Amino acid sequence: MSSKKRPPEPRALTSSTAERLAAIVEAAERAASKVIDDAEEQARHQLQEAGARADRIVAERLRAIADELDPAAAPRREPHLKPVDSEAELGPLSTQRSGSAGARLLATQMAVSGSSREEIEQRLRSSFDIDDAGEMLDAILGPKE
Amino acid sequence: MNLTDLQALEQRYLMRTYKRAPVEFVRGEGSLLWDAEGNEYLDFLAGISVCSVGHCNPDVVEAVREQAGRLMHTSNLFYTEPMVRLAERLSESSLGGRVFFSNSGTEANECAIKIARKHAHRRGVEAPEIVSFERDFHGRTYGALSATPALAANPALAPMLPGFRSVPLNDAAALREAVGESTAAVLIEPIQGEAGIYPATDEVLLAAREACDAVGALLIFDEIQTGMGRTGSLWAYEQTPVRPDVLTSAKALGGGMPIGACLTTPEAGEVLEPGDHGSTFAAGPVASAAALAVLEIVDDPALLRGVRERGAELREGLLAHDGVSVVRGRGLMAGVGLADGIDAAAIGADLLERGLIVNVPEPGTLRLLPPLTVDRTQIERAVSAIDAALLSYAA
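Listed in order, the protein sequences are those of chains Y and H. So the first sequence is numbered by my numbering: it starts at 1 and just counts up by one. So the second sequence is numbered by my numbering: it starts at 1 and just counts up by one.
If you are wondering where the hints come from, they were derived from the structure by calculation, not from laboratory data. Treat the hints loosely; a few may be bogus.
[To be verified] Quick partial rundown of chain H residues pointing at chain Y, CB under 8 Å, derived from the structure: (1) Glu238; (2) Gln239; (3) Arg243; (4) Pro301.
Predicted, not measured: the structure shown is a model, and the values here were computed from it. Quick reminder that beta carbons are idealized off the backbone N, C-alpha and C, glycines included.
Just chain Y, with the same shape it has in the complex (with noise of 0.2 Å):
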């Protein structure tokens, strides 16, 4: 027979054990769930920030366009694309935001690539259904003589 000692059995978890471990455990997720929770906040906050400014910045890059397009009548300008503070201002469909940019975008694009008043107005009128250009048209290309 052998003489061999057996290897001591492994300890027995202690209730008292388990119930700390499981403790440890949830405050963990506990804490990594807080973690993700002000991830999210924050990544959810630096997207607002962020629509924010670009919103700013193309209309500020919009008006920069339109003054250097007609600089004796940049002072009377407003601006024409107005910066989105909330998102109450969007109205119910991003789609609308992103259209009434897109017409300004097009009437700048155009109205830099030498096309004229009457082209862009033509052009506004059939795609986006804008019947009356004259207030963007102002203040791109300075009121009509």
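Knowing the structure of chain Y, use the given hints to seat chain H on it.
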């Protein structure tokens, strides 16, 4: 050597990739070409929108002659002034970023595809996808071909590159549905050229821009046919409500010399790094000098206004005929939809006999791409020839 001799040599030595019309051209000037027998033709195809400043434009010829006599090639391992000046001019006239030069349109699109895939990998996308429109044409090298659904369906050329999908033209809902987290880019022609001149609507372009922005993908405009003044602005995107991240150009860029370019926004221009892409011949001094001369002519408000005005005259003249049901396109890029039952191929062949060169991209459509320097009299002459061909067909 006459036309019959040429055809015999073609049969023996050239691969059978083209169906050529039985004409040998020997000279060109402005909107006119002459064949070997001295017959004059009014060219309303301009070498498929390549000779936009007219055949043998004196300024382009002089630029090529002067540069060819001084320096023709060094490779891209060294600097040459025409290349760098051309990059500056293209960037400043478009998206403001960087330029990669190539020798053709399909190569320009290859560069755009590389940019899109690498940009997507940086976003953590493992298997990037590129979305294009059905019936788009982006070229015949394998990347561009894979983004050209009609040609990519050819089983004899399989397998195509993975990571390409397409949606019907102007189906904004399908486009939104197709673009997701794995999308690297939406690659589209703002006006489909080879398909028969079909413009993308403002709605679908806005949807594409919005969908790309939502997932961080790039919007790529293939302006190989629409660019360089063809639609009445230097770039077609200038007449749309969006601005792409990447734009490809070729065809008219060199005025007949082979050159292509991939233009980017400042951000997209930072994607490619040394070793990612290259070309031995691209932006050689001669092709670059030609392109600079072309830009000097085309990037001119008076010429671009003329393109829009001649285009309007062309449309008005064509629509006066009962045989014409619709004229699609913008500027001097016109797809003439013929009334039901009229064989466009027969009309095209008749027009060649009458001395007017057009193209028939699909049954029922004539494609007109005259030089941007075409004058009013030549527009009237083309309209009259089409009138006569349609009347003759009806008789």
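Now for the hints, and whether the structure bears them out:
The criterion of a C-beta within 8 Å of any C-beta in chain Y is met by H/Glu238, whose closest approach is roughly 4 Å, and the hint holds. The beta carbon of H/Gln239 is positioned within 8 Å of a beta carbon in chain Y (closest approach about 6 Å), and the interface hint is therefore held. At a threshold of 8 Å, the smallest CB-CB gap from H/Arg243 to chain Y is about 7 Å, leaving the interface hint in force. Using the Cβ-Cβ criterion of 8 Å, the hint placing H/Pro301 at the interface with chain Y is satisfied: the shortest such distance is roughly 4 Å.
Violation of the numbered hints given earlier is absent; every hint is satisfied by the structure.
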